[in-house]
Amino acid sequence: MKVKLLINQRPRVVDVEPDEYLLDTLRRHDVLSVKRGCDAASCGVCTVLIDGKPTLSCSVLSARLEGKAITTVEGEREEVTRFYTYFGDEGADQCGFCNPGLALTAISMKRTFDNPSEDDIRRYIVANLCRCSGYVAQVRAIKRYLEESS
Amino acid sequence: MKTVNRKTPSVDGKGIMLGRPAFTDDLADKGSLIIKVLRSPHAFARIKSIDVEKARKHPGVELVLTHRDVPRVAFTRAGQGYPEPSPHDKFVLDEYVRYVGDEVAVVAAIDETIAMEALDLIDIDYEVLDPVLDFEEAIDHESVIHPEDGIREMFPIGFEPKRNIAASYRMDFGDLDKAFSESDVIIEKTFHTQAQAHVMMEPHAVNARLDFQDRLVIISATQTPFHVRRILSQTLDIPIEKIRVIKPRVGGGFGGKQAIHGEMFAALVTMRTGKPSKLVYTRKEVFESTYTRHPMKLHVKLGATKEGALKAIDWHVLSNTGAYGEHALTVFMVAGSKVMPLYNKVDAGRFHGDVVYTNTTPAGAYRGYGAIQGNFALESAVDILCAELGMDPIAFREKNMMREGETSPVFEIMGEGTEGTAMTMETCKLDYCLSRGLELVDWKNIYPRKTLKDGKIRSVGMALAMQGSGIPYIDMGAATIKLNDAGFYNLTVGATDIGQGSDTVLAQIAAETLGVHINKVIVYSSDTDLTPFDTGAYASSTTYVSGNAVHRAALHMREMLIEEAAVVFGVDVESIDFDGATFTNKEDEKTITLEKLANRITYNEDQKQLTATSSYVGTKSPPPFMAGFIDILIDKETGEIEILDYVSVVDCGVPINPKLAQGQVEGGIVQGLGMALYEDVKRTKNGSLISHDLLNYKIPTNMDVKKLTTEFALSHEDSGPYGAKSVGEIGIDTPPAALANAIYNALGIRLTSLPFTPEKIIRALHEKEGEKTS
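Just so you know, the sequences run in chain order A and B. Heads up: the first sequence is residues 1 to 150, going by our numbering. Heads up: the second sequence is residues 1001 to 1774, going by our numbering.
Everything labelled a hint here was simulated from the structure, so no lab data went into it. Think of the CB as a built atom: it goes at the ideal place given N, C-alpha and C, for glycine as much as any other residue. Hints should not be assumed to be uniformly reliable.
[Claimed, not checked] When the alpha-carbon atoms are kept at most 20 Å apart in a straight line, the in silico EDC-like pairs for lysine to aspartate or glutamate are as follows:
1. B:K1706 x A:D119
2. B:K1450 x B:D1680
3. B:K1284 x A:D24
4. B:K1707 x A:D120
5. B:K1030 x A:D24
6. B:K1014 x A:E78
7. B:K1707 x A:E118
[What the hints assert, rightly or not] Reference listing, derived: stretches of chain A covered by chain B, where coverage requires no fewer than 3 residues with Cβ under 8 Å from a Cβ of chain B:
8. 4 to 16
9. 68 to 76
10. 82 to 95
Required output: the full structure, derived from the provided sequences and hints.
Pasting the structure below:
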């Protein structure tokens, strides 16, 4: 079946199976920043923005997204670059497999919240698992990004 | 120092965050055949018959492989030098299946759906055998897990498969009986450590293709590309020169990718069909069919005088390697060799035991590599001993621990699978790590405990740790530096960046030596065709071993450049000053820039290509040291633990990139806390996995650890590049013992079996109350 999606600001008509998840549709169309880390909607590395909201692309059917705006880091180059200056400065990145999903979550937070507390930040990114960093540097980087880059 | 010991963002961090295709599955050929593996539903069985005709005929299926279709060559998946200290006890596919998840058959099809359908079309008649699931009953069990012919040890490791023993080991020094007879206090305790899963965020993945020279190109998420090339060649009888292994960006490893996993199948499918193929593990397959940490039972006996001098350490250890003996002996030995020297003033010591097979997921390499298990046992036992002695555990450690300039007989006796290497600690700042950590955690105001108004108890606990920096005389790393026109450099290294940032750290070392900004050093790593050799990312070797290779190559390049400048000015090399950007003839102060010189020898005069290749193999393995302190809040009613802070003071020599080194320590601490608090690979009584997804196997989230305090001791290891030792594993070692000691300090209960769940804490509290009332 065909479905109209706005992928990174570009209108696309894509052919999808009725049971195909957005993650597979995106990777099939070379949007490769979106990763698969688990089979149970529990790791966060497939996070994309759907109409601006962080969503696990492994758990939404592409067929139900008619007309929706799907944003990945490929479509947020400037903002991701800005975010990375803080992230890299804090040494928060290691393997990077979770970073596109985390960057989108942080960008969404910046657009949604005014002056979030550290606890707000932790709650907002809690579903973005990372096995490398120990998280503390990530939280420091996000805090600075939210405070300094607006 | 302009580049080293300064923070520098990772060379790859921004590109990865921007989503550039970089990981194994991003780089698969679009038309790849999809590989799926049929896995055993039984913990132990023999395949009586297997019928794949329906699967082969299923439209879209290109290849089905069973044990009848593959070479029968025993090998080990462990990537750890050659010949390996792991038994060659695994076949590509076998008539026996030895754990739930073991490989039965392989299907390659044009898409995933067809491949999955084909798996269902395979008919198998199993003879189900009685599995060995309890590792304490494995030795001389009625069921023999490896009854087959053709398996072997590469050199003596105590391999006795008919008794379910993969390896055994014994060492001792001094007169143990005498040392205990001279002790006023002797304690003995048995500790249990659980299987832990690695849970790197990128599941194991591989793809394969044949190139235009008809060579097999494997792109793999591996920690050991050169070992992968060798093992594929040896096992599948492919000439090694026909294989190229490329390691792209890897989404974490922690030891879980220090082995062959899907590479064997992708190589076979592509060789047999001539078509590109790919295999991406599901998370369930990662949990079920890759590696776990070796579970261990450790019995520790310590003896000390009443003045608090530790006289003897005696260990017996039983380790569970699961269905295959991957890293069996070496992980076992590290539990002693990278823990026991912490207390080097003992008169006598013994470390012995067995590594046994069971019908469970194979255990393998995992950050810490035995040291975390051994550290938990010994550093818990030291606090138990101190309680018996009535001595302050900090004072006891200050009296008995390793100091700079000292050694331990253990270094010479125990290597990794072989004898070790004697060495003296040129750098050991444990005394500073201990005293600084006490300050940072505010030990004197909290120890042993404080009861808060709401009834919760705040307490602190601590442990010391050491690791290593590569394996002396075994681990070799190499680097090539090439000068380009305009005066920038390519640095190619065999060293394997799996996310820990080694590309960045090695580029920093090269940039520092060459006197240029890191942007002028373009680093490329781990491609068996294009880069020099390196054993891989394991044993905390990269910064120290590969870093030394890079430093040497850069020094060599500098010498060659100065020779070229001397030619330009017609003087001796002694007359040339070079600051990285400009050569100055000291005789007449005339100068030429690196850019001009590089262009001259590329395009104009004396044209030539300058490259410098150097390698390094350690003659010792200087240990990084640390003191770890945990500050916790325990709810006595629920057994819940809240972590208020984890203080780490680390001596890793000079941290080449302090932020990345801090990331290594903190990532290790949180992984260690996961093991201490709740991570646990759980099975049913039939041996199938319960914890096969992230809902049933929990790893820490950012809500679990809100504060980490990490500092580095001022330390300079002269044998390391710019004074560095390695730092990849040391962070993981202390949390289990530090937490056990903190729980004891809070509640007076001694937990000896990981992980410390609220249920275990409540049960132990009830037992303690019961003892009081009875």
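Each hint, compared with the structure:
The hinted pair formed by K1706 (chain B) and D119 (chain A) meets the criterion: a straight-line CA distance of about 9 Å does not exceed 20 Å. Taken as a hint, the K1450 (chain B) and D1680 (chain B) pair is broken in the structure, with Cα atoms around 30 Å apart against an allowance of 20 Å. In summary, the hint linking K1284 (chain B) to D24 (chain A) is supported, as the alpha carbons are separated by about 18 Å, within the 20 Å threshold. A C-alpha spacing of about 15 Å is found between K1707 (chain B) and D120 (chain A), which places the hinted pair at or below 20 Å, so the restraint holds.
About 13 Å separates the Cα atoms of K1030 (chain B) and D24 (chain A), which keeps this hinted pair within 20 Å; it holds. Among the hinted pairs, K1014 (chain B) with E78 (chain A) is consistent with the structure: their alpha-carbon atoms are about 12 Å apart, no more than 20 Å. Between the alpha carbons of K1707 (chain B) and E118 (chain A) the distance comes to roughly 12 Å, so the proposed pair stays at or under 20 Å and holds. Interface restraint, the segment 4 to 16 of chain A with chain B: violated (0 residues with C-beta to C-beta distance below 8 Å; minimum three).
Counting residues of the segment 68 to 76 of chain A whose CB lies closer than 8 Å to any CB of chain B gives 3, which reaches the minimum of 3, so the coverage claim holds. Residues of the segment 82 to 95 of chain A lying with their CB closer than 8 Å to a CB of chain B number 11, which satisfies the three-residue condition for coverage.
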